[in-house]
Amino acid sequence: MMRKRSLVRRSAAAVAAGAAALVLAACGGEGDGSGSAGHGGHDATASPSASASASQGRHNAADVAFAKGMIPHHRQAVEMADLAPGRARSAEVKKLAAEIKEAQGPEIETLSGWLTAWGEEVPAEGAMDHSLHGMGGMMTDEEMSELENASGEAFDTAFLELMIKHHEGAVEMAKTEQADGAHGPATKMAGEIIASQSAEIEQMNKLLGKG
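When we follow my numbering, the leftmost residue of the sequence shown carries the number 635, and every step to the right adds one.
Treat the hints with care, as some may be off.
[Unchecked claim] Here are the computed lysine-lysine pairs in the DSS-like style, where the Cα-Cα straight-line distance is at most 25 Å:
| no. | residue 1 | residue 2 |
| --- | --- | --- |
| 1 | 735 | 822 |
| 2 | 702 | 822 |
| 3 | 799 | 729 |
| 4 | 799 | 844 |
| 5 | 702 | 728 |
| 6 | 840 | 735 |
| 7 | 844 | 735 |
Honestly, the hints are just simulated from the structure, not real lab data.
Please model the complete structure; the sequences and the hints are all you need to start from.
Set out below in structure tokens:
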């Protein structure tokens, strides 16, 4: 028994010594340029974040489609909201537009971050996918031009009607994500979009006298 134990101890010591030698060799082999970064615990700091992103990063095609579709969708809503301060007559419409911009701007950044982390391409700024027009409540170029050229009460009515349609499309996209998505934070965002935009749809219908 004693001989077996001493053999086990010797083997463990040899393994530990070998591992230490490998670590030293790796640090020494990084060269002057990266040595300081290496000694700063590059691997130690990278591993937790990498494992964290891996645990949160379980995603599927539905998650990618949700992010790629929602980014241009949100951008268009922000573009519409940007028109309100100089064109809207109603204080309620101006306030609602500001709230839409405040909510959807950060979501665009979060969605873009997910796509980058997944190695997917983020939809280019200003490059509107024309195949999306008419889908998900997206406005056509003509509708956008009409909104840009409207002011006062006409703008308020057009903004509310178009934004209701826009929000309804976002809610449907979010429901699809909830049903088919695998990425926890994305399905959570989808739930928040459904709740907030459904409430805004109700509010906008009331402003139009339909509530």
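Do the hints match the structure? See the list:
Our distance criterion of 25 Å between C-alpha atoms is met by residue 735 and residue 822, whose separation comes to about 20 Å. Only pairs whose Cα atoms come within 25 Å are accepted, and residue 702 paired with residue 822 is accepted, the gap being roughly 17 Å. A threshold of 25 Å between alpha carbons decides the hint, and for residue 799 with residue 729 the separation of about 19 Å falls inside it, so the pair holds. With a C-alpha separation of about 14 Å, the suggested pair residue 799 and residue 844 falls inside the 25 Å cut-off, and the hint holds.
In summary, the hint linking residue 702 to residue 728 is not supported, as the alpha carbons are separated by about 28 Å, beyond the 25 Å threshold. A distance of roughly 20 Å separates the Cα atoms of residue 840 and residue 735; the hinted pair therefore holds under the 25 Å criterion. For a cut-off of 25 Å, the pair hint linking residue 844 to residue 735 stands: about 24 Å separates their Cα positions.
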